[in-house]
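Use the sequences and the hints to build the structure in full.
One-letter residues, chain by chain:
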Amino acid sequence: MRAALEITRHKARLMVDDVQLIAFLVLLPVLAMVFFSYGLLPPPGGRVDANGADQAVPGMAVLFGFLVADSVGHGLFREFGWGTWQRLRTGPVGVSAQLFGLVAPYAVLATVQVLVLHAIGALALGMHFSGTVPALLVMATAAGITTAALGMVLVAISRTTQQMSSSANTLAIVLAGISGALTPVERLPGWVQGVAHVTPHYWALQGYRSIVIDGAGLAQVAPNALCLLGIAAVLGVVAIARLRRRPTDRSL
Amino acid sequence: MLLQTKAVLGHKLRLLSMDLQVAVFIIVMPLVAIVFLADGYAAPRAVAGATGVDQVVPGMATLFGFTIADSVGYAVFREHGWGTWNRLRTTPLATWPLMLGTAAPFVVLGTLQVLLLHAVGYLFLDMQFTGTWAALVVLAITAATTGVALGLLLVAICPSSEQMAGLVSLLAVLLGGIGGALAPTGRMPAALEAVAHLTPQFWVVEGYKDVILGESTVVDVLPNMVAVAAFAAIFFVVAGLAFDRNAEKSL
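Chains as they are written, first to last, in numbering that gives the first Met the number 0: chain A, 0 to 251; chain B, 0 to 250.
Calculated from the structure, these hints are not laboratory results.
Any given hint could turn out to be false.
[Stated by the list, open to error] Between beta-carbon pairs, the in silico distance windows are:
no., chain 1, residue 1, chain 2, residue 2, range
1, B, Ala229, A, Leu217, 53 to 61 Å
2, B, Leu169, A, Arg8, 49 to 57 Å
3, B, Leu221, A, Val194, 40 to 48 Å
4, A, Asp213, B, Leu87, 58 to 66 Å
All residues carry an ideal CB built from backbone N, CA and C; glycine is no exception.
Okay, here's the thing in structure tokens:
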């Protein structure tokens, strides 16, 4: 555990220097959210005064939140490329502690991203916020952990950065679309609504949406958060099992 | 010069045909966005039969159209990464054929992207199409040329592909958003609406909407084409002035 925290501290220091990464993770979703909130129709059901921001903010928090998996992937591939992954493997730190240490800062970043988007939505774009802040914090953390686990799996199954990055981007937009992050799931075809339930994106979105328009508190979003953490656990186990074998034959 | 351009062009086309990732980004991503956004918007104009898809298809064609700049830029940065750029520098190849040969396939690809997205919208998503396909084609070529010119400009001024990719994404969303690719300009605050005209995306997306909803022909979209082409000209000139073939760049 101590070793994992030490790796996390080192990784976080590297990330703070990467202004571009931070700008990309915050500036781009904020811009998209602003413009989408003018254009998108309000989500159906819930409150009668719902607006485009009530759809756009949770939607972009899901779309861009899960895109952090791409940054996780790049972060891990860079470790392979620099040879620092291999160097750490020769020490006493286990694979799971090493992985945890490397991806934890991204989970934090993804969590902060969700909070920032909702704060800007509520303060500047007229998004409603009828639920509680702890509920949003728990949902954002669960989603952040899931996106970090997704990034690990993508690294575990991809041979090159390009493969990982294409998969992360395509998955992010397809699953965000299916989950209702772009158009509310109620307006999508019936079969899509069925598939939506197996995506982590759906559980994250429904959680955010219920906080925004239905006044949900911790108790109401707990099932969504648990569902996300369950998916994260499965993804994490798969990633660790695969990366324990031969992770370093991957190319940057 | 023509022979040199042709040689570079052939080489780039061969590379492009092997690159699955480019196809995913250029075709699959906007298609997915269109399919999932189609029912999320209101109709952009008060035209009988118009729906949200009439905003989404032109909007996404415009938004993603400009990200072709990223593919053009990456094609050049990759040569630096492979070390083949230095090899090219030792040949008698002049700068202009090199840039033209690199850029041309992406103009074609960008044009095809716009046509395909509109075709899918029309055939499968009940998008209106009251104008002429010729008008759409000429507008799409102009838009793709502008996106490619932006890519060359960014290659000229960015030292790394990471920086270029970040800038392309930011510019695409910022200018696309202001220009009306994500929401009709009429629904935005007045201040944003006022500056919309200063983005190439505004002229492109309004042109596409004129074609699908306003029965526009090639003559009708000429003003839009001229406005977009002016941006392309500026990008090309600045790219030409700023481009230094001896500059060190990293992938």
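Outcome of the hint check:
1. B/Ala229 / A/Leu217: 53 to 61 Å: holds, 55 Å
2. B/Leu169 / A/Arg8: 49 to 57 Å: violated, 30 Å
3. B/Leu221 / A/Val194: 40 to 48 Å: holds, 45 Å
4. A/Asp213 / B/Leu87: 58 to 66 Å: Once the Cβ atoms are compared, 60 Å apart, the range 58 to 66 Å for B/Leu87 and A/Asp213 holds.
The structure shown violates just one earlier hint, number 2.
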